[in-house]
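Undergrad: Residues per chain, in single letters:
There are 2 protein chains.
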Amino acid sequence: MNGAGARLERDLAPGLVRRVWVEHLRPAVDGGRHPVKRVVGDRVEVEADILVDGHDLLAAVVLYRPAATTDWREAALERGANDVWRGGFTVDSVEPWEFTVEAWVDEFASWRDELSKKHAAGQELASELLEGAELVAAAAERADARDRDWLRRTADALAGDAPQDARVADALSAVLAEVVARWPDRSLATRFEPPIPVDVERERARFGAWYELFPRSLGPSPEVSGTFRDAADTLGYVADMGFDVVYLPPIHPIGRTNRKGANNVLGAGPNDPGSPWAIGAAEGGHTAVHPDLGTLEDFDALVAEARRRGLEIALDIAFQCSPDHPWVRDHPEWFRQRPDGTIKYAENPPKKYQDIHALDFTCSAWRSLWRELRDVMLFWAEREVRIFRVDNPHTKPIRFWRWAIAEVRSRYPDVVFLSEAFTRPKMMHALAKVGFSQSYTYFTWRNTKRELTDYVTELARPPVRDFMRPNFFVNTPDILPEVLQIGGRPAFVCRLVLAATLAASYGVYSGFELLEDEALPNSEEYRDSEKYQLRPRDWGRPDSLRELIAAVNAIRRDNPALHSNDGLRFLPVDNGQLLFYARTTPELDNVILVVVNLDPHHLHHGFVEVPIEDFGLGPGEPYQVHDLLGGGRYLWQGRRNYVRLDPASSPAQVYRLRRRLRTERNFDYFM
Amino acid sequence: MNGAGARLERDLAPGLVRRVWVEHLRPAVDGGRHPVKRVVGDRVEVEADILVDGHDLLAAVVLYRPAATTDWREAALERGANDVWRGGFTVDSVEPWEFTVEAWVDEFASWRDELSKKHAAGQELASELLEGAELVAAAAERADARDRDWLRRTADALAGDAPQDARVADALSAVLAEVVARWPDRSLATRFEPPIPVDVERERARFGAWYELFPRSLGPSPEVSGTFRDAADTLGYVADMGFDVVYLPPIHPIGRTNRKGANNVLGAGPNDPGSPWAIGAAEGGHTAVHPDLGTLEDFDALVAEARRRGLEIALDIAFQCSPDHPWVRDHPEWFRQRPDGTIKYAENPPKKYQDIHALDFTCSAWRSLWRELRDVMLFWAEREVRIFRVDNPHTKPIRFWRWAIAEVRSRYPDVVFLSEAFTRPKMMHALAKVGFSQSYTYFTWRNTKRELTDYVTELARPPVRDFMRPNFFVNTPDILPEVLQIGGRPAFVCRLVLAATLAASYGVYSGFELLEDEALPNSEEYRDSEKYQLRPRDWGRPDSLRELIAAVNAIRRDNPALHSNDGLRFLPVDNGQLLFYARTTPELDNVILVVVNLDPHHLHHGFVEVPIEDFGLGPGEPYQVHDLLGGGRYLWQGRRNYVRLDPASSPAQVYRLRRRLRTERNFDYFM
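Line by line, the protein sequences give chains A and B.
The first sequence runs contiguously to residue 1777 in the working numbering.
The second sequence runs contiguously to residue 1777 in the working numbering.
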């Protein structure tokens, strides 16, 4: 409270006389410093603590609007226990929104409540009825023509000479309460300030199945690059597996200076294609395509074909340059120069990345650099790319991302940003808070029951759930997790089902379905990594997981409980190698129960505990669980039920709970 | 983010280029919406999450100042795990303070760190040393004359032609790091905005033992009112018990209209004195004293005598009026009028309080009313009363208190306000947030181990500990708790020790020491309550707890661990009727262990668990616990130790833990 504000308060500013006190409006991220994240169509459930001195009754509403508009819409809040008021609203457009609450003393309701208590106590009420008449007459003055006359007549009647009991009955009538409530006196209402911002994105910001693909590996041999046309031809394969997003590593020209050879060795041979992340060559930089992949027109055709098949292309945004990038020549001021005038390559001492120059985001020419980088994203958005997977955002300034994402969204509100920040938790959170739609996570390294339960619970609850949306990748070109290296097919199935049912967004990097599990020694790096060489694959291999993946993705689409990260609950099971959890819609009209055997080597069985009372099932009421993966249907009853998972045949089961509709003769029907 | 701000950001405002990100500065109440509470001399321990992109090292300081001043003082923060930085500062004056943090990239430390890693890897460092020379030369330009020349020479040496190893040794020297760190480049520092407010009060706002006394009961008989002079004569009795504050119920003239008789009956007799809370009569209102008590000069003498004895007088601020209060005649606009022109009395339907008129804080003349009420408090502050116990603040608007407390404190910063809000938790919290120094609590109704543990833990931890300070009263004129009605002397001792050692402020209403336990049936109201009649007492009764109270208050004064509400920890004991807890100073130089038998009827014994490792004691190391109440000294060892509490002799034991200083021949010394 500094100078001016304090003085105004000393001077008894008009607002001081507002009696209602509103606190702790939620959801809110850091008290409203950053937006809450939601997707279009979501209902935002709102709570606030609302108080008043004394015994008066209150009324309260949530006010909400797209932030670019001026008129508030409103919806009533209901009072719950402990002075918490609850309500909500639906966000129906992709843009920034905001909300607040307003509350006021409901003079008429307070009077009505007192009247009813005094009446019950048999007190004399002449004066009280006159007070009520005044309140109703005042409401009449605020009312429209339709209600005004009726309210005036009612006020007269309350003050009239009918017997007290008759007038009390009128005063307490539900219709009077309803009509007066339409015309409240909100002149002394309290509004929570400032409003809480809500960032509303399209559904794909939260829910989607991703498939990562190197188009250059789709050629006829390890020596010949695949093209955008080959990628277009492969879209059918990806669509058949039920994915939503096809994510391509950088598609730009690749530098030749200090190019890395196979398995990341220094000194590439003449035919080594180099890392796609060493962006830029004589042919161009971040807005050019690699000539081996085709032309920009070929790329446009790929994007169009993807849309035709219900897929979207996601591009990789990696703001770094090979030594051959045109910017190195045209804008040396954007790079850090060594005292000898050469440009520094990227380092993480003592490691050196000789094929990459980092950009200097705080160089004196930062404004032109930032604009150029924004324009790179606008260039691809203009070509109908509306999903960006951003490489290593944690090595660029947080404020750059806040600015750049806002800039892109102001023109293309439907752009989704995935943060590839495998870094410390608070940096991941900060990037999410400034605008990234979703984030890679530590899922890749969470394997045990305890690790998975703790981590996923943290993600699914406030505060994290309100600003960071997970995307659970089972593998990436940089990460072949240890469990896949040693666990064989059961581990692949287990991790797939976990990722697909624990997070609304999940991803697979190609080769996963072919059970690729060869790593460099003591490393999570793939042997003969696709990052440095072409790797054509035989998609049709009989041991492929493609059909299982298709089944899992179909289950995800069919079951709304899996479209959100809310409604997740880990449930008890008496075996430490079995993980059991429920995913539910708020209305409980879709209940999915998942049990996973985390041990790829041994059969495990045990008793799971189903919280039947929370699902509206009585203790003696049988219910059906339908294994959507294996097809089996089981009749369960009560809380404790038996499960048995043999990793060789079914490392994971995904049940849909079906209630019995009616029993008729000897047939049971379940919905 | 609205209009202007958003446009500025689009325009790439200079602040965008700041790379450091500061979040979640704490302590903070509701993210800084309300002040954190501390007392003068406290060290405010500060934490913030501080991040930067990439691998650079950071430096950070906490900035702090009295809010009325302009120059920040600063102290370094240290980096801890998980990007949390910690530090603190001491508040050394009674007034509003504020703090924030500022952090910046430490270019030299980052460079030095990289250099050391590259040097260890045996890399060629010519270019790196030139970079370092530039950084040191830049520091020289920021330095004062004393450091400038030395830095310039060092820069020249780093860029010179000495062997690389020699120059690296210079570059990595501790003295260079220290001198450069004196002259940081903070031009791109990030500061957390806005600063967090801290309300700094005097120690009595947190720590004090209160004694409540009706002066009118100090007369020679139940028919003759005691006076301020009698009260002055009684101060020795109170001081001998070791109390700090003597709190007087309202001392003003009492109304005659609808005066309540003994035991709160309607229709007082001519000699019934009435409730002191029915304030105001022909003799005057809130700034007058009851003629039976004496004169204002007598009151002044009482205040002076109290100060002389190391006591303070606290007055009751009860903003309500008897029907005979001068305001009712002079300012009818301050009261709610009924349609017939009469003034409403206070009600909580169907209950009626005919001897009291509530003030209408939102009447159209609210400004003159609020100023008058403020002036009442200023009147008594002017007469050297600097503690107010505020009656039922939750029935007056929250914003009134925020304004009025700020007004009083702006003139008398040392005024302490105790909130008598026995109401819903969020209202109690709101009153604390807007300025009450301390609050009555639910302690009176928390009896079992679970109840006490849960409630006191909630009070002792953030968020509550940062804005609400408890005052644990064992009884009040309104509350004779059930446990005292049925538990006899052991219950009185148990509750006294709990209150005095679980909260830094606690209070006793007179008669407690005399074990008064007679209530109205099915009620917590005292029979023949002093609220409605005079109750002279025999202070010298042999069964009085006065000596025990004196001992408890002496223990409180002697042990700094009991001066604060921090450093409280409930500890395990294998008996559900025994409560065991530790109170410690931050430096652990004062460790108090308390064990209380919550069952007034039976002996209980059990094994307590002492967290010796947290107190710096080895598993085999004996230590002494000295029962400061009973006088016994026990030699304990290890975590598990035996206790036995017979309610007839020692319902509670208060140990001071004494470490063994040294062992010499056969003598052990403990400090």
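None of these hints come from the bench; they were simulated from the model.
There could be a bad hint or two in this list.
The list cannot tell twin chains apart, which means a pair is met if one copy fits it or any two copies do.
[Stated by the list, open to error] Taking lysine-lysine and the DSS-like style, the derived pairs with C-alpha atoms no more than 25 Å apart in a straight line are:
{"id": "1", "residue 1": "Lys-1224", "residue 2": "Lys-1555"}
{"id": "2", "residue 1": "Lys-1555", "residue 2": "Lys-1458"}
{"id": "3", "residue 1": "Lys-1532", "residue 2": "Lys-1224"}
{"id": "4", "residue 1": "Lys-1224", "residue 2": "Lys-1457"}
{"id": "5", "residue 1": "Lys-1224", "residue 2": "Lys-1458"}
{"id": "6", "residue 1": "Lys-1223", "residue 2": "Lys-1450"}
{"id": "7", "residue 1": "Lys-1555", "residue 2": "Lys-1532"}
{"id": "8", "residue 1": "Lys-1450", "residue 2": "Lys-1532"}
{"id": "9", "residue 1": "Lys-1450", "residue 2": "Lys-1555"}
{"id": "10", "residue 1": "Lys-1555", "residue 2": "Lys-1223"}
{"id": "11", "residue 1": "Lys-1450", "residue 2": "Lys-1224"}
{"id": "12", "residue 1": "Lys-1457", "residue 2": "Lys-1555"}
Undergrad: Decide, hint by hint, whether the structure agrees.
TA: Hints versus structure:
1. Lys-1224 / Lys-1555: Close neither inside one copy (59 Å) nor across copies (41 Å); limit 25 Å.
2. Lys-1555 / Lys-1458: This pair counts as neither: shortest intra-copy Cα distance 38 Å, inter-copy 61 Å.
3. Lys-1532 / Lys-1224: Result: close neither inside a copy nor across copies, 57 Å intra and 28 Å inter.
4. Lys-1224 / Lys-1457: between (82 Å within a copy, 9 Å between copies)
5. Lys-1224 / Lys-1458: So Lys-1224 and Lys-1458 pass the 25 Å test across copies only (10 Å; inside, 83 Å).
6. Lys-1223 / Lys-1450: Answer is between: at 17 Å across copies they meet the 25 Å cutoff, but 81 Å inside does not.
7. Lys-1555 / Lys-1532: Classified as within: same-chain Cα gap 24 Å, cross-chain 38 Å, threshold 25 Å.
8. Lys-1450 / Lys-1532: Intra 28 Å, inter 58 Å, cutoff 25 Å: neither.
9. Lys-1450 / Lys-1555: Neither. Shortest intra-copy (45 Å) and inter-copy (65 Å) distances fail the 25 Å Cα cut-off.
10. Lys-1555 / Lys-1223: neither (56 Å within a copy, 38 Å between copies)
11. Lys-1450 / Lys-1224: between (84 Å within a copy, 15 Å between copies)
12. Lys-1457 / Lys-1555: So Lys-1457 and Lys-1555 fail the 25 Å test inside a copy (35 Å) and across (58 Å) alike.
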